[in-house]
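Trainee: So you can see what is in the structure, the chains are spelled out below.
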Amino acid sequence: DQQVKQNSPSLSVQEGRISILNCDYTNSMFDYFLWYKKYPAEGPTFLISISSIKDKNEDGRFTVFLNKSAKHLSLHIVPSQPGDSAVYFCAASEGDDKIIFGKGTRLHILP
Amino acid sequence: GAVVSQHPSWVICKSGTSVKIECRSLDFQATTMFWYRQFPKQSLMLMATSNEGSKATYEQGVEKDKFLINHASLTLSTLTVTSAHPEDSSFYICSAHRVHEQYFGPGTRLTVT
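Chains as they are written, first to last, in the working numbering: chain A, 4 to 114; chain B, 14 to 126.
Computed far set for chain A versus chain B, every beta-carbon distance over 10 Å:
#1 Lys71
#2 Ser72
#3 Ser77
#4 His111
Simulated coverage check for chain A against chain B, where a stretch passes if three residues somewhere in it have a Cβ under 8 Å from a Cβ of chain B:
#5 47-61
#6 97-107
These are computed hints drawn from the structure, not numbers from a lab. Virtual Cβ for every residue (Gly too), placed ideally from N, Cα, C.
Isolated chain B (complex conformation) (with noise of 0.2 Å):
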């Protein structure tokens, strides 16, 4: 299957600090990505959907500056939670999407302290 990558894989960033998660498509051109979140013991929760060269598309309740979306390329796209707390620690995962099929990147585990 495709390949996706997740950088850092592991961050840990002090309270009101902002802090910068890349995912890109290794071996192809993804036109939408995702980014999704999951608490622990939870499910996935769809976070935005990030189009090449367009804004990004937030989910009801994702806070649109907080979570800054970036789609410069059609092999990257980048995640930026602005101004973190402690509540927004978590494991952040992307997929790039193919026709009938989503490729999850290996996730990013935030810690913010």
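Next up, chain A with everything else stripped away, as it sits in the complex (with noise of 0.2 Å):
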């Protein structure tokens, strides 16, 4: 059963425009999320978090929202880039205990 759930495969936005990637989730000890972005032939890279006590946390261009009570988080990217084509993984965590994945949305950058 798929604790960690994106259920878009992929999605295309125009450059400039903001991307909007979802992610569910169904545990609700989960108190730790994180966006991960993958390049082809790359690992995985750390891209920003947010803790349960928040309901949202911006880096830059990355901004990620929380909401506890839909189980649902989201990852917006504004402006879009060219360089954010990739893959990006939604993550949780319940305390110390291992990380699980989504399985991943490919992010495509329209010129």
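Given two chains presented individually in distinct reference frames, assemble the corresponding complex, making use of the accompanying hints.
Mentor: Okay, structure coming up:
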């Protein structure tokens, strides 16, 4: 049973517009959430995270929103740039337990 | 962020041979490391959790006798693909765990001919 779900396998966004990647989770005990970015043939790189005590965390062009009641988080990228084209993984953890990853969403930034 | 290295980055081997992939956390001690496999256009699949000084925990469906994992020190874990077959060709990624975060290695592309 998937505890972290990314229901959109791919997403295309025009350059300069906002990219919104969504993620749902089922385990209410998750208390830390992360987003990773992955280019082909490379390991994932950490992008941004949020603790369950917050509902928003912003870092430059990247903002993560957390809605605990809906068990939903989203990553906003604005403005989207060509270099943002990659696979984005949503991840969650409970305490110091292992991090559970979603299946990823492939983001295409269109010129 | 922390640095995790993998060696080799790319390896080609003949069917039936064994290949060892090393994963090192360069600037912190990782009591737990993870091994993932990624198929083309697919998500990361967790293969096993490697704990320093103890036996690895394998995910369901992963053959522990085929994918040997050793975590002999706090900075080194190895994955050995034994008797490799073409279907083992894949991109293998390790990660080192530190509270609330995992740091990934750059990955190793294995091609079995």
